[in-house]
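K.L.:
Okay, here's what each chain looks like letter by letter:
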Amino acid sequence: MDKPDTQALAASRWMDKFGGRGKLIQILIIAFLIMVVLPLCADIFRLNLYGKYLTYAFVAAGLVLCWGYGGILSLGQGIFFGLGGYCMAMFLKLEASSPENTAIQSTPGIPDFMDWNQLTELPWFWQPFHSFTLTLILIVAVPALFAFLIGFAMFKRRVGGVYFAIITQAIASIMTILIIGQQGYTGGINGITDLRTLMGWDIQTDFAKYVLYFACCGALLLCLLAGQFIINSRYGQLLIAMRDQEDRVRFSGYDVANIKIFVFVAASVISAIGGAFFTLQVGFMSPSFVGTVASIEMVIFCAVGGRLSLIGAAYGAFLVNLAKSSLSETFPQLWVVAMGALFIAVVMLFPRGLAGLVDDYAGPVRRWMKETFKRPQPAPAVEKKTAPPASNTSPDSAPILSAQESH
Amino acid sequence: MGGYTGEELTAIFLMQGFSGLSLFCVFLLMALGLAIIFGQMGVINMAHGEFLTLGAYITYLVSYLASDTWPFLLDYYFPVAIALAFLGTFILGYLVERFLIRFLYNRPLDTLLATWGLGLILQQIFRSVFGPREKSVVLPDWLMGSFQASDMVDIPINGVMVVALTVVMTIGVFFLLYRSRWGIKVRATTQNRAMANAAGINTEKVDRLTFALGCGIAGVAGAAFTTIASTGPTTGSLYIVDTFLVVVFGGAASLLGTVASAFGIAQSQSILSFFLSGSMAKVITLMTVVGILMFRPQGLFASKVRR
Amino acid sequence: MKDSKRKTQSTRRRLLAGLLALPAALALANPVFADDVNTTGLSVTDDTVTVGILHSLTGTMAISETGSVQAEKLAIEQINAQGGVLGRQIKIIQEDGASDWPTFAEKSHKLLEKDKVAAVFGCWTSASRKAVLPVFEKDNGLLYYPTFYEGLEQSHNVFYTGQEATQQILAGLNWAHDKLGAKTFYLVGSDYIWPRTSMKIARKHIENVLHGKVVGEEYYPLGSTQFGSLINKIKLKKPDLVFGAVVGGSNVAWFKQLNAAGLTFKKQPMLTISVTEDEVLGIGGENVEGLYSSMKYFQSLDLPGNKEFVAAFKKKYGDKAVIGDVTESAYLGPWLWKRAVEAAGSFDVDKVVAASPGMEWDNSPHGYLKVDDNHHLWMRTRIGKWKADGQADVVWESDVIKPNPFPKGYQ
Numbered sequence: 001m002d003k004p005d006t007q008a009l010a011a012s013r014w015m016d017k018f019g020g021r022g023k024l025i026q027i028l029i030i031a032f033l034i035m036v037v038l039p040l041c042a043d044i045f046r047l048n049l050y051g052k053y054l055t056y057a058f059v060a061a062g063l064v065l066c067w068g069y070g071g072i073l074s075l076g077q078g079i080f081f082g083l084g085g086y087c088m089a090m091f092l093k094l095e096a097s098s099p100e101n102t103a104i105q106s107t108p109g110i111p112d113f114m115d116w117n118q119l120t121e122l123p124w125f126w127q128p129f130h131s132f133t134l135t136l137i138l139i140v141a142v143p144a145l146f147a148f149l150i151g152f153a154m155f156k157r158r159v160g161g162v163y164f165a166i167i168t169q170a171i172a173s174i175m176t177i178l179i180i181g182q183q184g185y186t187g188g189i190n191g192i193t194d195l196r197t198l199m200g201w202d203i204q205t206d207f208a209k210y211v212l213y214f215a216c217c218g219a220l221l222l223c224l225l226a227g228q229f230i231i232n233s234r235y236g237q238l239l240i241a242m243r244d245q246e247d248r249v250r251f252s253g254y255d256v257a258n259i260k261i262f263v264f265v266a267a268s269v270i271s272a273i274g275g276a277f278f279t280l281q282v283g284f285m286s287p288s289f290v291g292t293v294a295s296i297e298m299v300i301f302c303a304v305g306g307r308l309s310l311i312g313a314a315y316g317a318f319l320v321n322l323a324k325s326s327l328s329e330t331f332p333q334l335w336v337v338a339m340g341a342l343f344i345a346v347v348m349l350f351p352r353g354l355a356g357l358v359d360d361y362a363g364p365v366r367r368w369m370k371e372t373f374k375r376p377q378p379a380p381a382v383e384k385k386t387a388p389p390a391s392n393t394s395p396d397s398a399p400i401l402s403a404q405e406s407h
Numbered sequence: 001m002g003g004y005t006g007e008e009l010t011a012i013f014l015m016q017g018f019s020g021l022s023l024f025c026v027f028l029l030m031a032l033g034l035a036i037i038f039g040q041m042g043v044i045n046m047a048h049g050e051f052l053t054l055g056a057y058i059t060y061l062v063s064y065l066a067s068d069t070w071p072f073l074l075d076y077y078f079p080v081a082i083a084l085a086f087l088g089t090f091i092l093g094y095l096v097e098r099f100l101i102r103f104l105y106n107r108p109l110d111t112l113l114a115t116w117g118l119g120l121i122l123q124q125i126f127r128s129v130f131g132p133r134e135k136s137v138v139l140p141d142w143l144m145g146s147f148q149a150s151d152m153v154d155i156p157i158n159g160v161m162v163v164a165l166t167v168v169m170t171i172g173v174f175f176l177l178y179r180s181r182w183g184i185k186v187r188a189t190t191q192n193r194a195m196a197n198a199a200g201i202n203t204e205k206v207d208r209l210t211f212a213l214g215c216g217i218a219g220v221a222g223a224a225f226t227t228i229a230s231t232g233p234t235t236g237s238l239y240i241v242d243t244f245l246v247v248v249f250g251g252a253a254s255l256l257g258t259v260a261s262a263f264g265i266a267q268s269q270s271i272l273s274f275f276l277s278g279s280m281a282k283v284i285t286l287m288t289v290v291g292i293l294m295f296r297p298q299g300l301f302a303s304k305v306r307r
Numbered sequence: 001m002k003d004s005k006r007k008t009q010s011t012r013r014r015l016l017a018g019l020l021a022l023p024a025a026l027a028l029a030n031p032v033f034a035d036d037v038n039t040t041g042l043s044v045t046d047d048t049v050t051v052g053i054l055h056s057l058t059g060t061m062a063i064s065e066t067g068s069v070q071a072e073k074l075a076i077e078q079i080n081a082q083g084g085v086l087g088r089q090i091k092i093i094q095e096d097g098a099s100d101w102p103t104f105a106e107k108s109h110k111l112l113e114k115d116k117v118a119a120v121f122g123c124w125t126s127a128s129r130k131a132v133l134p135v136f137e138k139d140n141g142l143l144y145y146p147t148f149y150e151g152l153e154q155s156h157n158v159f160y161t162g163q164e165a166t167q168q169i170l171a172g173l174n175w176a177h178d179k180l181g182a183k184t185f186y187l188v189g190s191d192y193i194w195p196r197t198s199m200k201i202a203r204k205h206i207e208n209v210l211h212g213k214v215v216g217e218e219y220y221p222l223g224s225t226q227f228g229s230l231i232n233k234i235k236l237k238k239p240d241l242v243f244g245a246v247v248g249g250s251n252v253a254w255f256k257q258l259n260a261a262g263l264t265f266k267k268q269p270m271l272t273i274s275v276t277e278d279e280v281l282g283i284g285g286e287n288v289e290g291l292y293s294s295m296k297y298f299q300s301l302d303l304p305g306n307k308e309f310v311a312a313f314k315k316k317y318g319d320k321a322v323i324g325d326v327t328e329s330a331y332l333g334p335w336l337w338k339r340a341v342e343a344a345g346s347f348d349v350d351k352v353v354a355a356s357p358g359m360e361w362d363n364s365p366h367g368y369l370k371v372d373d374n375h376h377l378w379m380r381t382r383i384g385k386w387k388a389d390g391q392a393d394v395v396w397e398s399d400v401i402k403p404n405p406f407p408k409g410y411q
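Protein chains in written order, with UniProt numbering: chain R, 1 to 407; chain S, 1 to 307; chain L, 1 to 411.
Misleading hints may appear alongside valid ones.
Claimed, not checked - Result set (SDA-like, lysine to any residue): computed pairs, CA atoms no more than 20 Å apart in a straight line:
| hint | chain 1 | residue 1 | chain 2 | residue 2 |
| --- | --- | --- | --- | --- |
| 1 | L | Lys116 | R | Arg46 |
| 2 | L | Lys238 | S | Ile155 |
| 3 | L | Lys320 | S | Thr69 |
| 4 | S | Lys205 | S | Arg187 |
| 5 | L | Lys338 | L | Asp350 |
| 6 | L | Lys266 | S | Ile155 |
| 7 | L | Lys387 | S | Asp141 |
| 8 | L | Lys138 | R | Tyr210 |
| 9 | R | Lys209 | L | Glu113 |
| 10 | L | Lys238 | S | Glu8 |
| 11 | L | Lys237 | S | Ile271 |
In short, the hints are calculated from the structure, not lab data.
With the hints as constraints, model all of the structure from the sequences given.
P.N.:
Spelled out as structure tokens, the structure:
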């Protein structure tokens, strides 16, 4: 009797680190949907598209962390998505520009757009991207460093809320102008195109697309788990506390800025991973994913899914993009209006997004099921430990309206 | 600077100064409305650019009517167009406040998203109504051409008109805010909403009129701006990021700050673009502003808003 | 399920049609069965063939791409009225690229892999073409690309019906040098690949061939509307010719401000490679009076092929419709494809591609043209001088120029 109990306790403790059994089951459901159901239902063409949508789920999940939980709305997540994507694209481009492939250029061995812009040697910041290992490190490190610098400068001076949103938006705008203007180094408005192989492996074959899709799913699930872990860690509790009553947290002796920097960096790293997978699956990267419009669309993915639910955000990113793709096929004019209406509706009618709707409607059902099929299990320890997640969701979601009031 | 004589450099600075002025006017007219709205209500109006576009389209319509139907009116339509542009955007602003913004007070980040959505819808409406092509107004003769101040210095008349209009609008707003009864109400609401309410000010009404007024100013900006550039469905949205930066840089809710920051950003961008490429001038200016904001987040002139 | 149903239906129909057509088939040498003219599984039936149109209907590029869509639809309608291609009526599947490059790639995937279209007419910006290029090469599709562009590209799967940079630029600069006596040049463009590459070619040509001088080179971000500084610099440098490649909405602001600043084209000659009738519609004829453009096509061209084309276009889209260079290039696409298919006697992409080079067309709207081995077209370049009514007088015309997308000495 004693032994299973401690085991169950250990298991549930372990699960609590990720938000409890309920959340883990939800992640399993996502895993089942994207890794089993979708591949069975869709051909490779559709699946590749779905893979592209899922890369936005990374960004949306990042936004849940920093916006939903941290109260920091970044309108520049495209920057990090783009940095990750560009890092990957630079590696692939260098591989595609081997001296043999580019023999017709005046300077063989450098990317074609550099040759057109009369560069005769590879700029220094392209050098590291000869190595795949370094590229993988840089995909995470560059956005992390950049986010840290922005976060450090702003949060240490207590810039927040609207100001932070506007400044990140300006930075996104600067990045776009810079990338377009420096086309000899960046490929300009065309972006970095014509990416075909990864370490000699053709990424355009159907098989490669399957592999990349599953890799992308795997990474997304890991990021969701990591996000759940952060939310349910001590940091997560502090985040929520800070979002709702920043001064009280500060007076309790915590350095609020550090928490914000941490969550902002985490969000940007997750976005960057999404960006890297985007490049791999779409086969190019261009400044249109860095700019202000792309960035704010990413916010709506998150808002539709539910800004307080990592899992909801993943669904949101996927569904909005799916709707965008199918609506724009049938009613191209209508799509823009629908997108605009979605922005307004999600803010005015269901600020907690899909996740909120599910909670509202599924909550009572779940409770009813629980009551009806109550297991006669007299294990108070387990009961106690599984209770928090259920009650966890409501305090999280309740202060949504009051949360921003404090600013 | 190599190759320019002293006289040429003076001419450059004069003319660059003037071309900076026209950018300054756009920034200022856009930012005035934004600053009032943001300062008083904490609302981030991302659709502000679309109000500018609407003003420009109204001007286009009036000019089209004038040149097509009543050609003899062509010389005089412009003041009418400005008035109509103001009226049209004022009414739309009023409606938007009544049916959208009102529900989102105290949620600034949400107003940002909702107004962005509104902006998208307006853009698509413009596209359906006016077509995706750029529209260009027919200018009356008295707005064409330029004064020749010296051999090298030409001052375009439509530019002068835009500057004059901006000055008039700014002074008007100043008087409204600081010398009128309504201004007292607005400032009272800005500084302490609860107290203002308690003192018998109908803050809801003040809010609605303030929002509508801010949009109306954007409409006038559109009317002025379409005389020196063109109007397409996305014209206004090109300026929205820059203008927000102007507002934040100036210190929200500070009229003087907004003027100063619009002037600083426009002039430095204009002067820089003489020596660098247009892209780099913009990048450097924006980066400097962001840099300064990181050290001085409250902007040039700190606002006295209680948050 | 649906697919298999459709397949059985079509087999049944094909059998039936085949039985009925048997005597006819024996009499005619022409292939009648879809399978004979289509061995690669394209969407071709006995009486229809499906093609794709892929342009932006929404977003910032919709402004520019509308004309191309109209021209392509007109051409297809005319071809159908004449009996179609190899006796098959052309059906169109239109997709919206939404001014977004991945969307272009996504839709081209769809057109080629799901719809199995026999050819695609589409793309406008270089960026969108670059985005779809790998897709067309992988799926062995066929793209007809209408815009004049920077060159530096040649693909088995793409035909470029507009001019590549050297065709448009070199003839124009030579003309300015010979006829206007231009020695000093000021280069102005929007900041992206086409203007930059074009200006690079222009600079090399001016410095190495014309032995002139480039006194300034300037790029402005797309959508920029503040040209005061540029105008001031031009005033100071007083070049013999301003050579411009400003695109989109910027154009309107640029010419308005030039005019307002007192720089009329009489005082300051200017040659552009980016202003067509479409742009003038937005800019206003009065703002470009006296400006020169270097293009292969102007709506006012006095050629029999053009008169027919303009009449048909206005009949379909209204009297106020204007036709610019790209619109005309887009119109060429379906016709060139039809000719190539009929020459090849097959819809197979490889056969169509093989049949194309060397094809000539004497009476295209812009006159004689020939398809080169490098998939670009031989054609003339013209200099048009704009009038206040928004049309251009053609003041000069070159010989037929061979396309040279990888110009030696200009890279």
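K.L.:
With a cut-off of 20 Å on the C-alpha distance, tell me whether R/Lys209 and L/Glu113 pass.
P.N.:
holds, 15 Å
K.L.:
Take a quick look at whether L/Lys266 and S/Ile155 sit within 20 Å of each other, Cα to Cα.
P.N.:
holds, 19 Å
K.L.:
Check whether the Cα positions of L/Lys320 and S/Thr69 lie no farther apart than 20 Å.
P.N.:
Satisfied, since the Cα-Cα distance of roughly 17 Å is no more than 20 Å.
K.L.:
Could you grab the alpha-carbon distance between L/Lys238 and S/Ile155 and see if it respects the 20 Å cut-off?
P.N.:
Holds, at roughly 18 Å.
K.L.:
L/Lys387 and S/Asp141 were given as a pair; does the straight-line alpha-carbon distance stay at or below 20 Å?
P.N.:
holds, 19 Å
K.L.:
L/Lys238 and S/Glu8: Cα distance at most 20 Å?
P.N.:
holds, 13 Å
K.L.:
Between L/Lys338 and L/Asp350, is the straight-line Cα distance small enough, at 20 Å or below?
P.N.:
Cα-Cα ~14 Å, so holds.
K.L.:
Does L/Lys116 pair with R/Arg46 here, judged by a C-alpha cut-off of 20 Å?
P.N.:
Since the Cα atoms of L/Lys116 and R/Arg46 sit roughly 15 Å apart, the hinted pair holds (cutoff 20 Å).
K.L.:
With a cut-off of 20 Å on the C-alpha distance, tell me whether L/Lys138 and R/Tyr210 pass.
P.N.:
With a Cα-Cα distance of about 17 Å, the restraint between L/Lys138 and R/Tyr210 holds, given a limit of 20 Å.
K.L.:
Holds or violated: are the alpha carbons of L/Lys237 and S/Ile271 at most 20 Å from each other?
P.N.:
The given pair, whose Cα atoms are some 17 Å apart, holds under the 20 Å limit.
K.L.:
Between S/Lys205 and S/Arg187, is the straight-line Cα distance small enough, at 20 Å or below?
P.N.:
holds, 14 Å
In summary, the structure agrees with every hint in the numbered list given earlier.
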